[in-house]
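Chemist: Produce the complete structure using the sequences and hints provided.
Note that the protein sequences, when read in sequence, are chains A and B. The working numbering puts the first residue of the first sequence at 1, with every later residue one more than the last. The working numbering puts the first residue of the second sequence at 1001, with every later residue one more than the last.
Calculated from the structure, these hints are not laboratory results. Source: prediction; values computed, not measured. In this text, a Cβ means the ideal position worked out from N, Cα and C, and glycines have one as well. Treat the hints loosely; a few may be bogus.
Unchecked claim - Here are the simulated distance ranges between beta carbons:
| hint | chain 1 | residue 1 | chain 2 | residue 2 | range |
| --- | --- | --- | --- | --- | --- |
| 1 | A | SER26 | B | LEU1223 | 24 to 34 Å |
| 2 | B | SER1406 | A | VAL130 | 52 to 62 Å |
| 3 | B | GLN1356 | A | SER26 | 51 to 61 Å |
| 4 | B | THR1315 | A | LEU52 | 49 to 59 Å |
| 5 | B | THR1315 | A | ARG22 | 51 to 61 Å |
| 6 | B | THR1315 | A | LYS82 | 39 to 49 Å |
| 7 | B | THR1368 | A | ARG22 | 16 to 26 Å |
| 8 | B | HIS1020 | A | ARG22 | 18 to 28 Å |
| 9 | A | ARG7 | B | LEU1160 | 53 to 63 Å |
| 10 | B | SER1406 | A | LEU70 | 47 to 57 Å |
Claimed, not checked - Quick list of in silico lysine to aspartate or glutamate cross-link-like pairs, EDC-like style, CA-CA up to 16 Å:
| hint | chain 1 | residue 1 | chain 2 | residue 2 |
| --- | --- | --- | --- | --- |
| 11 | B | LYS1017 | A | ASP141 |
| 12 | A | LYS162 | A | ASP19 |
| 13 | B | LYS1213 | A | GLU54 |
| 14 | B | LYS1446 | A | ASP141 |
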Amino acid sequence: MANIKEREVIYGLYNDEEDLLRAVKSARQDHMEIYDVFTPFPVHGLDPAMGLEESRLHIAGFIFGTIGALTAFLGMTWVFVKDWPNIFGGKPYWSVPAFIPITFEMTVLFAAVGMTVSFYIINGQGPGVVNKTLDDRITDDKFCIAFDKADVDADRAEAFFKNTGAVEINSKTI
Amino acid sequence: MSAVVSRIREPLITGNKTYHQITEDLVSPTEKTPTKEWVIGFIIAVSVLTFGVFCIIWTIWVGIGAWHLNRTINWGWDITNFVWWIGIGHAGTLISAILLLFRQKWRTGVNRAAEAMTIFAVLCAFLFPIIHMGRVWLAFFIMPYPNTRGPLWPNFNSPLLWDVFAISTYFTVSVLFWYTGLVPDFATVRDRAKGLRRKIYNVLSFGWTGSAKHWQRWESLSLVLAGIATPLVLSVHTIVSFDFATSVIPGWHTTIFPPYFVAGAIFSGFAMVLTLMIITRKLLHLEDYITIEHIESMNKVILLTGTMVGIAYLTELFIAWYSGYVYEQFAFFNRALGPYWWSYFGMMFCNVVSPQFFWKKSWRRNITLTFFLSIVVNIGMWFERFVIIATSLARDYLPSSWSLYSPSWVEIGIYVGTFGLFFTLYLIFVRVAPVIAIAEIKHILKTGGDQYVGENAPHHHHHSESHS
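Modeler: Below, the structure is given as C-alpha cells:
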C-alpha cells in the first residue's frame, strides 16, 4: 500500500547476526548499495555498519513535549487568571506551584503520543497496513540483506551472497 | 557477539535455545487450543467479573447509600482499592522503563507480562473513583473543556484533578509502550499464521517488516519512552499520595507520603508480578525464560522496597511523637491501639516482617515461599491503604462524630469483581499475545543464554584463563 513503485529485489538470508554484520560491512566496502536489511530483532552495530544516520525521532519527542508543557501551563494560566479568576484556599490566582503536576503530566503525554504516532507514520505503519515482506522467517531466525536490482547487478549480488555465507538467495518483486 | 558479560551473572535463558526455538516456545501458547486450566480459569474470572458488574450496577441504581460509608468515614474500601490497584500497576513501568535505563537484562523475561498487568491493574483502579462520584454519568465533568456551565472549569489546584491527569497519562503511556513492544512480536505470530489468523495478526502488527531503519527508530522510541516513563511512574503515586498529604487530616498530612507511597507501590507491584509469573511460567512451561535468577532478582527488589516501607512506618511514628502535635500523636496511637489495631498489625507483619525472609539466598530462590509471601505482601499493602484511609477518618477532631466502618456486600462485591476483570483480561492476553517479548529475548540470547555464559558455556574455562 505504501510502496507505489514496485521494485525487483534480490536478497540473501543469513543464519546469524554476526554473519550479517560482516556481510553488510563488506557490501559497503565494495560500494554495493543496500536496499534494506531485515532482522528479527534490533542488531547492535548494524546502523553504523550500514551507514544509517541516527534517528531524529527523539527531537520530535522534545518538540511534542514542549507543546504539551506550554498547552498545560498557558491553558491553566488563562483559565485561572483571565477566564475564571477564583480564590482557592487564599492562594493567588496564578498559583504556579500548583500547576506543576498537570504541566508535567501533559508534557509526558504529548511527548509519548506525538512520538509514537510519528514513529508509525514515518515507518509507513498502522492498523490494517499491509507491507510486503520478503520472507516469513525474517521475523523468526533469518537475517536478510536485500539489493534493488536497479542498483546492483543480480549476478554480482549472487556472488556476494555466496562469498559472505548467505544460506539462501532469492528474488522477489515488492 | 563479543559483548562483555560479567562472569558472576547467571544465565537468563536456559535450555540451549536457538532463535527459532525461542519463537517456537513463545508463540506456541497462542497457537494451541486453550488448555483445560485456562478454560476453567477463564470461566471463574468471567463469573466473578459478572458479579462485580452486577454490584456496580446495583451501586449506580441504588446510589452510594448501598455502601457503608458514612459522614465521618467518607472514603472506605473504594479508595483503598483504588490506591491498591494503582500501586500494583507500578511494577510494569518500573520493570520496563527504569530497569531498561539501568540496563538490567533480566527485565526482558518479565517485562511484557508486567506491563500488561500494569494496564489491567490501572483499569481496575480507574473504576473506583468513577463509581465513587455517585452520578457516574456526569464523570466527564472532571475534564477541562469549554462548556455551557459558565464555562465552569475544574480546580487545577486540586490533587484530585492532578490524579485525573496523572492516571490517564500513565495509562496512555503504558499502553503505547506495551503495544510498541508487541508490534514486532505480532509480526512474528503473523508470519507463522495462515488465512484469517494471518490477516488479524497483520492488523495487530501494523504491517511490521523488521527493516533496519524501523528497528533503529523502534529502539529510539523505546528509550525515550522509558526515559519519560521513569519520572512519570514516580509522579503517579506521588500525586496519589497528595490526595492525602495535602489535606489537613491528622495521619494524612505528612511530607513523607510521596516517597513512602512510591516505595510501597513498587513493593506491591513486584509482589503481584511474582504471583502472576510463578503461575504463568508453570502453566505455559516458561521455566527456561523466567528462571530462578529472575525470581531472585525480583525478591531483592521486594526486600529493598519492603524495608523502605518499614522505615517509613517507623519514621511516621517517630515524627508523630517528636512533633509534639497532639492530634497527630492521637492519630497514630489510635492506629496502632484503636478499634482497627488488627489492620495495623496485619500491615506491619505483612509488609515489614515478611519480606525480611528474603535476606537468605536460598529462601529468595524458593518458589513456594516466594509465591506465598507475594500474596502476603499484597494483603499487607491492602491493609496499609485501609489503615491510612479508614483509621485516620474514623476518629476525627470531634468525638461526637466518631464512627466505625465495615463494608457492605456491594463494596466487597465490587472489589472481588475487579479481580474478575483483572484475570479475564490477563487470561485473554496470554492467549492472544506472546507473554514474553520474543525480539528482546533473542536480542539478549548471546549475552544471557546458558550456552554462551555461565557453567554450560563451552569456552567458560578458556575465558577465565585468558583473562587471568
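Chemist: Next step is simple, just say for each hint if it's right about the structure.
Modeler: Right, here's what the structure says about each hint:
Roughly 30 Å separates the CB atoms of SER26(A) and LEU1223(B), a value that falls within the hinted 24 to 34 Å. As the Cβ distance of SER1406(B) to VAL130(A) is approximately 58 Å, the hint placing it in 52 to 62 Å holds. The beta-carbon spacing between GLN1356(B) and SER26(A), approximately 58 Å, falls within the hinted interval of 51 to 61 Å. Between THR1315(B) and LEU52(A), the C-beta spacing of about 51 Å keeps the proposed range 49 to 59 Å intact.
Taking 51 to 61 Å as the suggested C-beta distance range, the pair THR1315(B) and ARG22(A) conforms, at roughly 58 Å. A C-beta distance of roughly 43 Å is found between THR1315(B) and LYS82(A), which places it inside the suggested range of 39 to 49 Å. A C-beta distance of roughly 48 Å is found between THR1368(B) and ARG22(A), which places it outside the suggested range of 16 to 26 Å. Checked against the hint of 18 to 28 Å, the C-beta distance between HIS1020(B) and ARG22(A) comes to roughly 21 Å, which is consistent with it.
Checked against the given bound of 53 to 63 Å, the beta carbons of ARG7(A) and LEU1160(B), roughly 57 Å apart, stay inside it. Taking 47 to 57 Å as the suggested C-beta distance range, the pair SER1406(B) and LEU70(A) conforms, at roughly 49 Å. For the hint pairing LYS1017(B) with ASP141(A), the CA-to-CA distance comes to about 12 Å; that is within 16 Å, so the pair holds. Between the alpha carbons of LYS162(A) and ASP19(A) the distance comes to roughly 12 Å, so the proposed pair stays at or under 16 Å and holds.
The suggested pairing of LYS1213(B) with GLU54(A) holds, with an alpha-carbon distance near 9 Å, which does not exceed 16 Å. Taken as a hint, the LYS1446(B) and ASP141(A) pair is honoured in the structure, with Cα atoms around 14 Å apart against an allowance of 16 Å.
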